[in-house]
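Enquirer: Chains as they are written, first to last, in this note's numbering: chain A, 59 to 346; chain B, 5 to 753.
For the record, the hints were derived by calculation from the structure and aren't laboratory data. Each residue gets a CB set at the ideal place from its N, CA and C atoms; glycine is no exception. You may find that some hints are simply not true.
To be verified - Only some residues are given here: those of chain A computed to face chain B with a beta carbon under 7 Å:
id: 1; residue: Pro242
id: 2; residue: Arg243
id: 3; residue: Glu245
id: 4; residue: Ile248
id: 5; residue: Lys315
id: 6; residue: Gly317
id: 7; residue: Thr318
id: 8; residue: Phe321
id: 9; residue: Val325
id: 10; residue: Val328
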Amino acid sequence: MRYHTPTSFADAAAIAAGASGTLRFLAGGTDVLVQMRAGMVQPDDLIDLKHIPGVDKIERTAEGGWRIGVAVPGIVLGGHADLVRDWPGVVEGMNLVGSTQVQGRATLAGNLCNGSPAADSVPGLIAAGATVTVTGPNGSRDLPVEQVPAGPGKTNLAKGEVISAITLPPRGKNGGDAYLRFIPRTEMDIAVVGCAVSLRLDGDKVVEARVALGAVAPTVLLSEACARAIIGTTLDDAALGALAKAAEGEAKPISDKRGTKEFRIAVAGVLARRAAKIAYDRAKGLKA
Amino acid sequence: MARDDVKTGYKYVGTRPNRPDGLDKVTGRARYGADFSLPGMLHAAVVRSPHAHARIVKIDASKALALDGVKAVVTRADLPTGLTGEDLNLQDNTLAGEKALYDGHSVAAVAATSQLLAQDAARLIEVTYEVLPHVTDVDAAMAPGAPVIRPGVADYSVPEGMHGNVARYMEFGHGDVEAGFAAADIVREHTYKTEATHQGYIEPHAAVGQMGEDGRGEMWVCTQGHWYIRRMSAAVLGIEAANLRVTPSEIGGGFGGKTTIFMEPLTLALSKKAGGRPVKLVMSRSEVLRATGPTASASMDVKLGMKKDGTITAGQVYFRMQGGAFPGMSPIGEALPCAFACYDIAALKHEAVEVIANRPKAAAYRAPGSPMAAFAVESLVDEMCRELGLDPIEVRLKNGAKNGSKSSYGPVYNVIGLQETLEAAKAHPNYAIPLGKNQGRGVASGFWFNHGGETSVSLAIGEDGTATVMIGTPDIGGSRASIGLMVAETLGIPYEDVRVNVVETGALGVNEPTHGSRATFASGKAAVLAAGQAIKEMCKRAAAEWEIDAEAVEWKDGAAHPAGPNAGKFPPMTIGEIGSKMGGSGGPISGHHEVTAEGVGASFGTHVVDVEVDPETGRTTILRYLVVQDAGTAIHPAYVEGQYQGGAAQGIGWALNEEYVYGADGRLQNPVFLDYRIPVASDLPMIDTVIVEVPNPGHPYGVRGVGETGITPPLPAVASAIAGATGARIRSLPCSPPKVLAAIKALKG
Chain A
59 MRYHTPTSFA
69 DAAAIAAGAS
79 GTLRFLAGGT
89 DVLVQMRAGM
99 VQPDDLIDLK
109 HIPGVDKIER
119 TAEGGWRIGV
129 AVPGIVLGGH
139 ADLVRDWPGV
149 VEGMNLVGST
159 QVQGRATLAG
169 NLCNGSPAAD
179 SVPGLIAAGA
189 TVTVTGPNGS
199 RDLPVEQVPA
209 GPGKTNLAKG
219 EVISAITLPP
229 RGKNGGDAYL
239 RFIPRTEMDI
249 AVVGCAVSLR
259 LDGDKVVEAR
269 VALGAVAPTV
279 LLSEACARAI
289 IGTTLDDAAL
299 GALAKAAEGE
309 AKPISDKRGT
319 KEFRIAVAGV
329 LARRAAKIAY
339 DRAKGLKA
Chain B
5 MARDDVKTGY
15 KYVGTRPNRP
25 DGLDKVTGRA
35 RYGADFSLPG
45 MLHAAVVRSP
55 HAHARIVKID
65 ASKALALDGV
75 KAVVTRADLP
85 TGLTGEDLNL
95 QDNTLAGEKA
105 LYDGHSVAAV
115 AATSQLLAQD
125 AARLIEVTYE
135 VLPHVTDVDA
145 AMAPGAPVIR
155 PGVADYSVPE
165 GMHGNVARYM
175 EFGHGDVEAG
185 FAAADIVREH
195 TYKTEATHQG
205 YIEPHAAVGQ
215 MGEDGRGEMW
225 VCTQGHWYIR
235 RMSAAVLGIE
245 AANLRVTPSE
255 IGGGFGGKTT
265 IFMEPLTLAL
275 SKKAGGRPVK
285 LVMSRSEVLR
295 ATGPTASASM
305 DVKLGMKKDG
315 TITAGQVYFR
325 MQGGAFPGMS
335 PIGEALPCAF
345 ACYDIAALKH
355 EAVEVIANRP
365 KAAAYRAPGS
375 PMAAFAVESL
385 VDEMCRELGL
395 DPIEVRLKNG
405 AKNGSKSSYG
415 PVYNVIGLQE
425 TLEAAKAHPN
435 YAIPLGKNQG
445 RGVASGFWFN
455 HGGETSVSLA
465 IGEDGTATVM
475 IGTPDIGGSR
485 ASIGLMVAET
495 LGIPYEDVRV
505 NVVETGALGV
515 NEPTHGSRAT
525 FASGKAAVLA
535 AGQAIKEMCK
545 RAAAEWEIDA
555 EAVEWKDGAA
565 HPAGPNAGKF
575 PPMTIGEIGS
585 KMGGSGGPIS
595 GHHEVTAEGV
605 GASFGTHVVD
615 VEVDPETGRT
625 TILRYLVVQD
635 AGTAIHPAYV
645 EGQYQGGAAQ
655 GIGWALNEEY
665 VYGADGRLQN
675 PVFLDYRIPV
685 ASDLPMIDTV
695 IVEVPNPGHP
705 YGVRGVGETG
715 ITPPLPAVAS
725 AIAGATGARI
735 RSLPCSPPKV
745 LAAIKALKG
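The shape of chain A in the complex, shown without the other chains (with noise of 0.2 Å):
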């Protein structure tokens, strides 16, 4: 195995593109040091990215909003009030990943490469919006998250390509944003349903809203059709109950160890409107 620390993402892309066996890209590891350990892959190159200038940071964009560095830890990102303030159910989907040990390595960009449907925090930055800015080969192309997962352990990244910064829009007013995942236990668990909603208020009533769906399809999927439940509505219980009804249509989950069809669909209803209220509580300014 060749373990390589590039500084630059135009260097990691370069060594990307040449290499010709397994490669795997380290940034916390949580995922790749186990699954070595395991014996369930054994990359020819391992290319850490932690090296690079600026990966630790969360900063500003010009536009308000976030551009956070693919090696931020989940603790920092909870650590940090502004994103807190503007993007709290992003970092509760983050915080839920491993124990808090592995909070202190894990990251979003990790979470989202790994590409497991489960991945907690990929259904709260898909709801808010967020994209990745993905550098290759041939340069840099930005692409929202939703477009990144290809199916369970698999992207749609390119030969050469690898994540260099996620970017979470500004927040603007009279916003809120939740995610919710059932396990069976209360933590160190992995998510049977996910559920995040994003959503802004004019007033009492929803004008914008986004409803991501995780685990219960082969990537999390962003649901239109539960948008369209609640965009308008105050979130009264005919609202909640279209939402629910929404999700179970949505959801396309598979039977396996960890619940049933039937089970994943029906929670999918649950925790859609479970989510739904955190979020309109928190755009209304109510602590949630």
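For this one, chain A is given, so just place chain B on it according to the hints.
Expert: Frame of chain A; chain B shown alone:
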């Protein structure tokens, strides 16, 4: 209850000093299995079958052996032939013979100069399999058409006409059950199922073994019983027990799962082939879950007759249990006697079969068989209490076993504390707390026999008046502290002056493992008797110096005293004085006791649990949990409470989320703690405990074992609480959210 044959008012017994191993454990100084290393040591890795059932056609290790640094490969061909019975089962499980019998069954092992190299080499060992039909479910394994895994497995007990996977049959009972059912106001009958669960000890199996060409070996190993490791390893390798010396490490949990061998002999076989270099083998968590003893899975029919006043008129059970691909491992012999052990019922019929299936060889797990039996019987008792509107504690008080009751399995109970636990549970504030919406309360009682067993203990008096105790039962639950307290009490010296060491196989006679809740009972009893022997000798030394009869000397408060005015007037001679002079007064002073310990006191407990169930997701939250159990005498109350809480925590895990999940391909789907869901700390409230003390007359300080009973009531208690909260009765564990939600939805129609 006051009894004149039981001494009370102890100075050390019943206090809560720090455990002697505590500081080592919290500072990392304690040496567990994987912490042991030797110069020149090699590391081993095991090749495991990816198939549930397959004929092994060929094993080609040439590529692995060609790697620089690979020193030895062993397969079944390296082990002796001609073994029979359980020795053959152990050998078959250590390394597969003609067939791999479960996913994870070890097929070959390799030793190399580093762990990574050993793992690389293991991947290069090519095994050719012919995959065979498999079966993993207990009922499916008995169904017509199920593949017969090991023809001829049935022993003499199996009636003609049963499926070829049935290995054992047993039945017993008393009274006229048909007449009993006829006399009942309601008779109910249901089938209950429990999935296999793993002991889930945090420390994986680990051993370092060394064996030369002369067949003499040594092993350092994480185990609950090193004499068992010695006997079993010697049998598998065809060597004499005396040629193998086994030293136990500290142990990070066992719960019964470390009373047998899984991979330990491989370290010796590899060492011998590698020219005598020591070999270390440490299992990964996945290997532990795939290939070490989970408990049995069970399918159980129960029928009960009850009168409107709660009197149980008759009971009948038929249990089917699978304990993996090896006969003798499913605990039907314990489950049946435990089924009705809490009750005094006029007519009972017990019947059970052991079935083999393509799963790992089961091992003991905390009160083996009793939790499953309790789930079946106590669930049905609860169902009938709810149907008749009866209080579950009152019904148990009415039908419960008492002093002098003839037990459901034959012997007459001497002095037992079931009624006292029920009364204490009824009186506890938890039982009176009003329940809210979506909340329910469950009650269940549980039983374990407890065990005495082969025990050998030595004790030596130091020159400074301290005492060193040598025991052969590894300390898995605080037994060094409790034995230290009993010896301190007996000798009349401070607890800090007693050091209790778990010693290796060369230092004592044969000891059974720490199993059956026996360490504090049996090693404790032997230690007390050994201390008594030392006291007798110390009195003799004092008598010699005083020139009076030894009978005229008595021992109290750590010193020899003249026994009364006629014995003469001498100042007390302390243990320190006697110790300092013992070289000149006749030599070292020690005590020794060895026995197959008798006088075991049966153990009963009663649990009360309150849960809240989310009606939209089926998720259960434990709101509060109460364990009431009879300890006999609680030598170290804090560690007794720890045992109660630990048993409850494991039982709650079994009840709610733990299960072995097999795919259609017969492979274990969840061999990691992410998906094998034991409770995490934040899942449980602080578990309330009440120690009931009905002293056991068979022990000098009244000890009953306390380790096992606590895992028994949680399974039915939790399921009954969920039934109370939702109206839905789950008769198949675990009560996982998908199952509970489906049951809630089925109720709504």
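Enquirer: Could you run down the list of hints and mark each one as holding or not?
Expert: Quick rundown of the hints versus the structure:
no. : hint   : verdict
1   : Pro242 : 5 Å, holds
2   : Arg243 : 5 Å, holds
3   : Glu245 : 6 Å, holds
4   : Ile248 : 6 Å, holds
5   : Lys315 : 4 Å, holds
6   : Gly317 : 5 Å, holds
7   : Thr318 : 5 Å, holds
8   : Phe321 : 4 Å, holds
9   : Val325 : 5 Å, holds
10  : Val328 : 5 Å, holds
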